[in-house]
Amino acid sequence: MAWVSDRNSLVNTYLQSIPYPMKPDFRKCMIWLHTYSGLILGWLLFAIFVTGTLSYFNHEISQWMKPEHDKKYHINNQVNHSITQLKLHAQGEQRWQILLPSERIPQWMLRWNTGQKRGSLILNGNGETTQKIRASRGGDFFRTFHYTLHIRQYGGRYIAGIAAMFMLIATFSGIFTHRRFFRDFFTLRKGKKGKFLIDIHALLGIVTIPFSLMICISGLMIYLTLYIPWSDQHFYADGENKLNSYTIPTLVKLDPNAQDIERIVDFSVIKDQIQRQWPGKHQIARVTIEQPQKINARIIVERVKDSTVSRQAQRLVFSASTGEALDNYPKYITPAQVRQVLWGIHEAKFADIPLRWMFFALGCAASALIATGLIIWLNKRLARVKQRHIGHFIVERLNIAAISGLLLAIIGYFVSNRAFPVILEARENAEVQVFFISWLMALCHAVVRPVTKAWYEQVALASVSCFGLFLLDIIQEPQRLINAILDNNMPYWGFSVMLLLVGSILYQTANWLHHRQVKADKV
Amino acid sequence: MMLSILLSQLIATLCLSLSMDKHYKLAFNQPKSLRLTRLFTGIGWLMLLLSLIATMGTSYIGAIALVYWLGMLSINIVGVAFLYYVKIRPL
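These protein sequences, in sequence, are chains R and B. Under my numbering, the letters of the first sequence match residues 1 to 523, in that order. Under my numbering, the letters of the second sequence match residues 1001 to 1091, in that order.
One or more hints might be untrue.
[Claimed, not checked] In silico contact screen, one side only, chain B against chain R (beta carbon under 7 Å); selected entries: (1) MET1056; (2) ALA1063; (3) TYR1068; (4) LEU1070; (5) GLY1071; (6) SER1074; (7) ILE1077; (8) VAL1078; (9) ALA1081.
Simulated from the structure, these hints should not be mistaken for laboratory data. For clarity, every value in this text was computed on a predicted model and none was experimentally measured. C-beta atoms are modelled at their ideal positions from N, C-alpha and C, and glycine is treated no differently.
In isolation and in its complexed conformation, chain R is listed as follows:
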């Protein structure tokens, strides 16, 4: 038994050696877990939450970043017109796809493919193919960064998944850290240094519990087979692909050797049938035509997503040659349906404008929750120690780079969209590079400057950039904003208003930081 006592003494020595050892008390354990699960990936979580929050308006951001898109479409039967265009540009392709413009996504797009070979075309308001649109990733950059961290090939989705798991742990353990959960429910204390920040953190934590749980759980469910691949690898020879073939409903495969006769019925015949099943205006989001050159061609019509929480919109299937309704997709099995619903809730494609703003506000609250948590961690420790060590320095600088640096990077990305020439080669990549270079520069700046000055300078620069971007947009083409106001193009003028609003908030924050810095200098 000698080795047991040796081991116990070793464990005790280790527990005494670490600065904040886990105590046997449950609440203290939860505080420890909350503190460190939040800290370790806090900076990454902040970036994921901010970019995810922006993704609620990814189409609106894209509209602002690609102002050349037509907003008004003068063609009545857009599907028939698209089919005529596809016959001209995609003859011989196995699959045609028509993405119809909507108020949120004013892009009329035609796509086609034969196996892996793909092509696409964007039509303007008159259904012509002459539209020149600047190359930009628009809001989609934030959406993809949010779950791939721009390193999709190098495990970005795994890292984002691990971050979501940490957020879940931090959320659950956070619930137990509040001793007076209900008594302090509406409390924001003033006066005492740091208390206000703790109260804000606690209040936002409580308020965003349902949102954070929903976002983290649904986010993990989207890539569940990626994070827990063992069961499908164990049960199916081809792993995830085979599992998908069982769970994702598909239509009967079309005979590729069918007679070569291109006979696509007038879409108005199909439209009447659709109208009976999906009442209301603008119900069609996408039309797919499979094997358009064959006699057995099939048309699949997909509904807009605002009538379902699920990610999978309703679909109808028709024969392309006769226009008669064919057998629809089989129903999803329950687990797959649950996944689609969680996926749909995560992306919130169903949300109308007020609900979208609500999600945005909750996303901002969750981001503020993470940011305040990071700052509180540091403040608490700095108040306790007489001499700072390298850990404090790292956290302090990373806080600046992750919070104000990210804001600078985002605004830099928008500025590059207007500053770079429209015809620049690989323009969309250049914009992304500006985002990362700005972020890196913010980190370097945070490292070399004194803390209070670094915060102030970065926030002030972000504020100036917001106002500057607004002016730049007006100087470049004043007619754009005027037209947006006259045509009530809300995404465009809304973005401009948001620039002014965010610029003003950042200005106030910079002002407050400056006064605090002056006060500190006097002391």
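Fit chain B to the known structure of chain R by using the hints.
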């Protein structure tokens, strides 16, 4: 409709906060009676329930309506907390 739901939720959260001794004292600077506690609690929960029923009665499908209700409630809670903060420290 949504505005009236938002308003009823605001009244509900205000009443529920006033049913707590700490917040009542902060708002009115005097201790409250048991009768008032019951009154505020009752009105608070009733308004909350009414707002939920009203949200479910809108044209949104049930699941989306519930998301709306929870989202608005979150915003109201933050709003009420800031109301108390302004009371402590006028802007």
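Holds or violated: the hint that ALA1081(B) contacts chain R, with Cβ atoms closer than 7 Å. holds (5 Å)
So, ALA1063(B) near chain R? Judge it on the closest CB pair being under 7 Å. Since chain R brings a Cβ to about 5 Å from ALA1063(B), closer than 7 Å, the hint holds.
Hint check: 7 Å Cβ-Cβ cutoff, ILE1077(B) to chain R: holds (5 Å)
Taking the least C-beta to C-beta distance, is SER1074(B) closer than 7 Å to chain R? holds (4 Å)
Checking hints one by one. Is GLY1071(B) an interface residue toward chain R, by the C-beta closer than 7 Å rule? For GLY1071(B), the interface hint holds, since the closest Cβ of chain R sits about 4 Å away, which is under 7 Å.
Given MET1056(B) was flagged as interface, is its beta-carbon under 7 Å from a beta-carbon of chain R? Cβ of MET1056(B) sits 15 Å from chain R, so the hint is violated.
Against chain R, with CB atoms and a cut of 7 Å, does the hint on VAL1078(B) hold up? Given a least distance of 6 Å, the restraint on VAL1078(B) holds.
For the hint on LEU1070(B), just tell me whether its beta-carbon gets within less than 7 Å of chain R. holds (5 Å)
So, as I understand it, the hint says TYR1068(B) touches chain R; can you test that by seeing if any CB pair is closer than 7 Å? holds (6 Å)
Going through the hint list in order, the structure does not satisfy hint 1, though it satisfies all others.
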